[in-house]
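Everything in the sequence shown is counted per my numbering, starting at 67 for the first residue and increasing by one.
Hints in this document: simulated from the structure, not taken from any laboratory.
Hints are not guaranteed to be accurate.
As the list claims (entries may be wrong) - In silico DSS-like links for lysine-lysine, alpha-carbon gap of 25 Å or less:
#	residue 1	residue 2
1	LYS237	LYS131
2	LYS413	LYS475
3	LYS475	LYS312
Source: prediction; values computed, not measured.
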Amino acid sequence: MINAMRVLTDPSDCGAVSICLPQDVEGEAYDYPTSFFAKRVHRITRPVAVEEEIHDIAEVIVASKKPIVIVGGGVRYSEAGGTVEDFCEAFGIPFGETQGGKSACQSSHPCCLGGIGVTGTLASNQIAQEADCVIAIGTRLTDFTTASKWLFRNPAVRFVTINNNRYHAYKAEAVKAVGDARATVERLTEVLRQKGYHSAYSNEIIQAKNAWEQELLRLGALVCTGENFEPNIRQRDARTIPEYVKMHGSSLTQTSALAILRDTIGKDDNIVTAGGSLPSCLQRVWQTDKRGGYHVEYGYSCMGYEIGASLGVKMADPANEEYTVVGDGGFQMLNSELGTIMQERVKTNILVFDNCGFGCINNLEMTHGVGSLATEFRYTDGKKPAGDLIAVDYTKIGEAYGMKTYLCKSAEELREALLDSRKQEVACLFDLKVVPKTMTDGYE
Numbered sequence: 067m068i069n070a071m072r073v074l075t076d077p078s079d080c081g082a083v084s085i086c087l088p089q090d091v092e093g094e095a096y097d098y099p100t101s102f103f104a105k106r107v108h109r110i111t112r113p114v115a116v117e118e119e120i121h122d123i124a125e126v127i128v129a130s131k132k133p134i135v136i137v138g139g140g141v142r143y144s145e146a147g148g149t150v151e152d153f154c155e156a157f158g159i160p161f162g163e164t165q166g167g168k169s170a171c172q173s174s175h176p177c178c179l180g181g182i183g184v185t186g187t188l189a190s191n192q193i194a195q196e197a198d199c200v201i202a203i204g205t206r207l208t209d210f211t212t213a214s215k216w217l218f219r220n221p222a223v224r225f226v227t228i229n230n231n232r233y234h235a236y237k238a239e240a241v242k243a244v245g246d247a248r249a250t251v252e253r254l255t256e257v258l259r260q261k262g263y264h265s266a267y268s269n270e271i272i273q274a275k276n277a278w279e280q281e282l283l284r285l286g287a288l289v290c291t292g293e294n295f296e297p298n299i300r301q302r303d304a305r306t307i308p309e310y311v312k313m314h315g316s317s318l319t320q321t322s323a324l325a326i327l328r329d330t331i332g333k334d335d336n337i338v339t340a341g342g343s344l345p346s347c348l349q350r351v352w353q354t355d356k357r358g359g360y361h362v363e364y365g366y367s368c369m370g371y372e373i374g375a376s377l378g379v380k381m382a383d384p385a386n387e388e389y390t391v392v393g394d395g396g397f398q399m400l401n402s403e404l405g406t407i408m409q410e411r412v413k414t415n416i417l418v419f420d421n422c423g424f425g426c427i428n429n430l431e432m433t434h435g436v437g438s439l440a441t442e443f444r445y446t447d448g449k450k451p452a453g454d455l456i457a458v459d460y461t462k463i464g465e466a467y468g469m470k471t472y473l474c475k476s477a478e479e480l481r482e483a484l485l486d487s488r489k490q491e492v493a494c495l496f497d498l499k500v501v502p503k504t505m506t507d508g509y510e
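Could you put the whole structure together from the sequences, leaning on the hints where they help?
Written out as structure tokens, the structure is:
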């Protein structure tokens with residue numbers, strides 16, 4: 067147990083812990099020492115980077131004209147969102163967010179450009195391309211964040227990192243400061259103020275944000291209008307959308323559904339998702355000012371995580387509603403925790419985005435010239451799934467568990483369902499018939 071607490075409270079190597087009691091020893095007795103049960107306080111420390119390292123990164127920043135901050139999960143763990151916002155505002159530096167860092171800072175902050183990287187926004191990625199200094203705070207700088215180092219195209223770009231973990235601090239040949247995000251940024255702020263630093267941005271940040279706001283409006287208003295409908299994703303099997311619309315009679319798109327959800331739920335409610343295309347969409351279009359209100363498992367992109375996570379998030383924050391968005395592929399892979407949700411009498415909201423397949427992987431196949439290879443849910447001809455799309459009524463699964471269910475095929479039906487669900491005392495399941503290929507595409 068002591069070792070478990072060491073892992074849970076280590077600011078550098080913090081991780082999940084599994085404590086197991088094998089069934090074959092449950093009936094056995096053991097003479098534990100009384101010291102094992104003595105009260106012990108485990109403190110989470112805030113190591114500050116050494117002064118020399120703080121001045122090292124300050125020199126790099128002072129020499130830059132157009133820096134950008136990357137807000138990683140370490141900012142969230144450190145509860146440093148407000149500190150980073152003050153830092154960016156003081157020196158006129160915009161920031162982009164990783165999946166782990168999203169909701170550490172508030173989306174409405176004037177320096178916030180939204181998600182960054184492969185699944186990032188147009189605003190973040192445009193500013194990042196021209197940046198001459200990347201200030202990576204609490205991020206592992208994974209390939210999704212850096213676009214495999216392709217995102218930052220200024221030949222003179224330099225990296226500085228603030229990270230509790232020495233391994234990650236050394237990435238990108240960065241000038242590093244190993245320490246807690248909040249404590250280190252607070253000290254760095256003092257040093258930069260003494261040096262009188264401010265970035266050279268004029269109206270680039272505002273222009274980038276305005277352009278992205280227009281794109282968000284377009285995505286939120288996207289409706290399947292019929293035969294000539296052009297979805298966000300161009301590469302597709304020509305049969306799929308007409309067949310899907312005929313089968314379900316749906317006009318609902320993935321991006322409009324997320325916009326409706328974002329605009330309808332409470333400001334302190336929580337959002338949960340994991341693998342598939344939904345994390346990409348959420349990192350781009352989701353906006354929240356609730357610190358820690360964005361729960362997305364994208365470190366491993368673990369499809370099926372969503373249902374169990376909905377229970378955990380609601381138990382951790384019972385005063386606010388919880389909304390889990392999950393694709394039909396991920397839902398089929400692991401929905402057995404619905405039984406646990408009902409057993410525990412916990413009110414969660416599960417929104418199943420049914421586009422008849424593993425849409426994210428199908429996009430990768432089609433984009434790379436493979437064709438649609440068994441990632442759409444179609445009947446087999448005996449050799450491969452090349453027949454008609456398979457219609458599934460996911461509300462029946464929820465009903466079998468005793469959940470309140472909603473079938474949504476239009477924007478109006480979804481709005482009505484979301485409003486009604488707030489009156490319910492049992493867990494709710496929404497079956498959203500979203501037209502295929504209506505998730506977000508990449509930007510820059």
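Hint check results:
A threshold of 25 Å between alpha carbons decides the hint, and for LYS237 with LYS131 the separation of about 22 Å falls inside it, so the pair holds. With a C-alpha separation of about 23 Å, the suggested pair LYS413 and LYS475 falls inside the 25 Å cut-off, and the hint holds. Restraint check for LYS475 and LYS312: satisfied, since their Cα atoms lie roughly 12 Å apart, inside the 25 Å limit.
Checked against the numbered hints given earlier, the structure satisfies every one of them.
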